[in-house]
Amino acid sequence: MNVFSLRDIRKSFAGNTILKGVSLDVEAGEFIALVGPSGCGKSTLLRIVAGLEHPDSGEIRIGDREVSQLRAADRNIAMVFQSYALYPHLTAGQNIAVPLAMRKLTGMQRLPFIGALRPGQRRICADIQRQVAATAVSLKIDHLLDRKPGQMSGGQRQRVALARAMVRNPSVFLMDEPLSNLDANLRVHARGEIVELHRRAGVPTLYVTHDQSEALSMADRVAVMIGGNLLQLAAPQTIYDDPSHVEVARFIGQPRINLLPAIRDAQGMVQFGTLRLTSPAEPGQAANVTLGIRPEFVQLRPESQGMLAARVERLEFLGSEVIVFAKLAAIGETVLAKVTPAEARGLTAGQAIGLQMDPSRMMLFAEDGRRLPSAPVSAAAREAVHG
Amino acid sequence: MADVALPASAAETAGRREAQIAWLLASPAILLMLLFIVLPTIAVLVLGFTDFELGYGGFRFVGFENYADLIGDRTFRRSLWNTTVYTTIVTPVSIVLGLGIALLIESEPRGRDFFRTVYFLPVASLLVAMATVWQYLFHPSIGPLNAFLALFGIPGPNWLGASSTVVYGLSIIGIWQSVGFNMVLFLAGLTAIPRELYAAAEVDGAKSAADRFRLVTWPMLGPTTLFVTTISVINSVKVFETVKTLTEGGPNKASEMLLFTIYQEGFVYLRVGYASAMTVVFLAILVVLMILQYRFLDRQVHYT
Chain A
17 MNVFSLRDIR KSFAGNTILK GVSLDVEAGE FIALVGPSGC GKSTLLRIVA GLEHPDSGEI
77 RIGDREVSQL RAADRNIAMV FQSYALYPHL TAGQNIAVPL AMRKLTGMQR LPFIGALRPG
137 QRRICADIQR QVAATAVSLK IDHLLDRKPG QMSGGQRQRV ALARAMVRNP SVFLMDEPLS
197 NLDANLRVHA RGEIVELHRR AGVPTLYVTH DQSEALSMAD RVAVMIGGNL LQLAAPQTIY
257 DDPSHVEVAR FIGQPRINLL PAIRDAQGMV QFGTLRLTSP AEPGQAANVT LGIRPEFVQL
317 RPESQGMLAA RVERLEFLGS EVIVFAKLAA IGETVLAKVT PAEARGLTAG QAIGLQMDPS
377 RMMLFAEDGR RLPSAPVSAA AREAVHG
Chain B
2 MADVALPASA AETAGRREAQ IAWLLASPAI LLMLLFIVLP TIAVLVLGFT DFELGYGGFR
62 FVGFENYADL IGDRTFRRSL WNTTVYTTIV TPVSIVLGLG IALLIESEPR GRDFFRTVYF
122 LPVASLLVAM ATVWQYLFHP SIGPLNAFLA LFGIPGPNWL GASSTVVYGL SIIGIWQSVG
182 FNMVLFLAGL TAIPRELYAA AEVDGAKSAA DRFRLVTWPM LGPTTLFVTT ISVINSVKVF
242 ETVKTLTEGG PNKASEMLLF TIYQEGFVYL RVGYASAMTV VFLAILVVLM ILQYRFLDRQ
302 VHYT
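Protein chains in written order, with our numbering: chain A, 17 to 403; chain B, 2 to 305.
Derived by calculation from the structure, the hints in this document are not laboratory data.
Model, not experiment: these values are computed from the prediction.
Yeah, the Cβ is synthetic: ideal placement off N, Cα and C, and Gly gets one too.
Treat the hints with care, since some could be wrong.
To be verified - One side only, chain B facing chain A, incomplete, derived with CB under 8 Å:
hint, residue
1, Glu107
2, Leu198
3, Ala201
4, Glu203
5, Val204
6, Asp205
7, Ala210
8, Val217
9, Pro224
10, Lys254
Make the full structure from the sequences, and use the hints.
Here it is as structure tokens:
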């Protein structure tokens, strides 16, 4: 069941098209990471879902309600901001209580002094205090409730912001790069915590980030946005192994995927060095294509062995692995190979080597970036071609 | 041993040199401050204890005689009271109006520059010159203000000519002049409020503008409001030009204000000693007001 869905959301600012028709369905309890390079429109999309921006066209449904005409306050969403956006003049406890007080108390009741005289005030306030305390305990910030944001560390502020979002039971959680202001160690730790909190609360979450490792490690499904389009929405493993678009392949993966230009002939045959792929094509149409292969599927061979001849440009030692930058002799493109330190032993810059690529791991992309189906040509078939 | 001691003393010498250079660089400012701020203040304090009159060669110390005279001086008491009334009207009204206008201008991007300029004009214009315009506006028989009131059947008062209304007339001019200044300060304060706080307030359920004002705008404007209040109080206590050009303290001393009374004593009756004593009282009032403000308001203000 979809608890939350977007249909063909479009938005432009002063002639700049930011969102070019984005659709997205979120199922109950799902954690969706919205990832993309900066300026791809992911934050705008989140603000549109929150009701802080209004789309030019499109439909937003939360539960069975169409909410695109509703104000942010009426959408029953909660949001964690990149800067946390805590009210600096209120203590942590008061900050967490704001969403409850705004909804449960009338404007009169919230007035100092006069409010205390209104009927029911005391009971509601006690209720709010209880909920605040419970949320604080679950986030382990109950000892911070009397502190103001200025007296807290970044990590503590981030927890208070989370608590403020969680204290009410929203139907959707929105998070706008909530970890980007933390230092690297804390960030990895906080990732696990947010995932854990999400698992416990079970509220569908839309999590915006520019950090692909955050997206891949935290989300049930990853939505990759590039240039105002949602290019792929799939499980992290699928996004990585089976990207549907060359931009997705290029954006996801560290170190980046190897992309090599090739030509598909009229028979649907792609040849690159001694590497051959078939790809069903409109007959009689030759076309430019792009071959993609992740660095971990490129293996090193001694000189004049393997599929392609290359020369080592430089090596990057990363501890458990070594990235080898090798320039192809034939076309001058640099190919990255991810190998173990043992395999890289003895390699030096300038050395001639051979590269072997796993044909079953090759991906083929059309000129417009679409993924093309492809299959390696088996040894038998190759014999047949060569006669 | 000598090797160890040497770097320490070198550092000491360097530190001393740096201190010398610091004093040298600061000395022009220190000299100017002494000359133009500290010395005149001391001079006023000292003169307040003398019977010095401009034009006479000598003077003698009279102790607290001037201050004793001040207590019994009806003109001085009158001007003290008038200044109080004027300040208690002009300060709050000009702050509330300034904030209101700033909020209106901030909320609507169209015509922002135009309105900002229009409301700031009174601040930039010469009050002495504009006083003539106000004299016309307030004129009992040909003035547009009373003509407007007459439309509703209200007989307009003789604003600047009657002792019962003259302070209120001057207050209106005072408000007119300081609203623009306060507005500009509030506008600056408003632009410094992070937009994400408003987004958070919106998501948290602050639906009405009043809710967002209470939750975000007003607390975040705290430092600005404190500053605006301070400046407004000082400016209203210092009212002078309108009194001098429009009423000369009249009718029947009904619009005597502190600074005008000091001016009369010092530069018209040339009793510098007595005027100095008044100035000391004037300064003391300002200092006490500032201390009180910072004591009470500073605690309420949040500085980010």
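How the hints compare with the structure:
Annotation: interface hint on Glu107/B violated; nearest CB of chain A at approximately 18 Å, more than 8 Å. Nearest Cβ of chain A to the Cβ of Leu198/B: about 5 Å, under the 8 Å cut. The hint holds. Here the hint on Ala201/B is kept, as its CB sits about 4 Å from the closest CB of chain A, short of 8 Å. Restraint check, Glu203/B versus chain A: the minimum CB separation of about 4 Å is within 8 Å; hint holds.
Taken as an interface hint, Val204/B checks out: its beta carbon lies about 5 Å from the nearest beta carbon of chain A, inside 8 Å. About 4 Å separates the beta-carbon of Asp205/B from the nearest beta-carbon of chain A, less than 8 Å, and the hint is met. The closest approach between the C-beta of Ala210/B and any C-beta of chain A is roughly 12 Å, which is over the 8 Å cut-off, so the hint fails. Hint status for Val217/B: holds, given a least beta-carbon distance of 7 Å to chain A, under 8 Å.
Taking 8 Å as the C-beta contact cut-off toward chain A, the hint placing Pro224/B at the interface is violated, the least distance being around 11 Å. Contact between Lys254/B and chain A, as hinted, is not supported at the beta carbon level, the nearest pair being about 42 Å apart and thus beyond 8 Å.
Figure legend: structure checked against the earlier numbered hints; hints not met, in rising order: 1, 7, 9 and 10.
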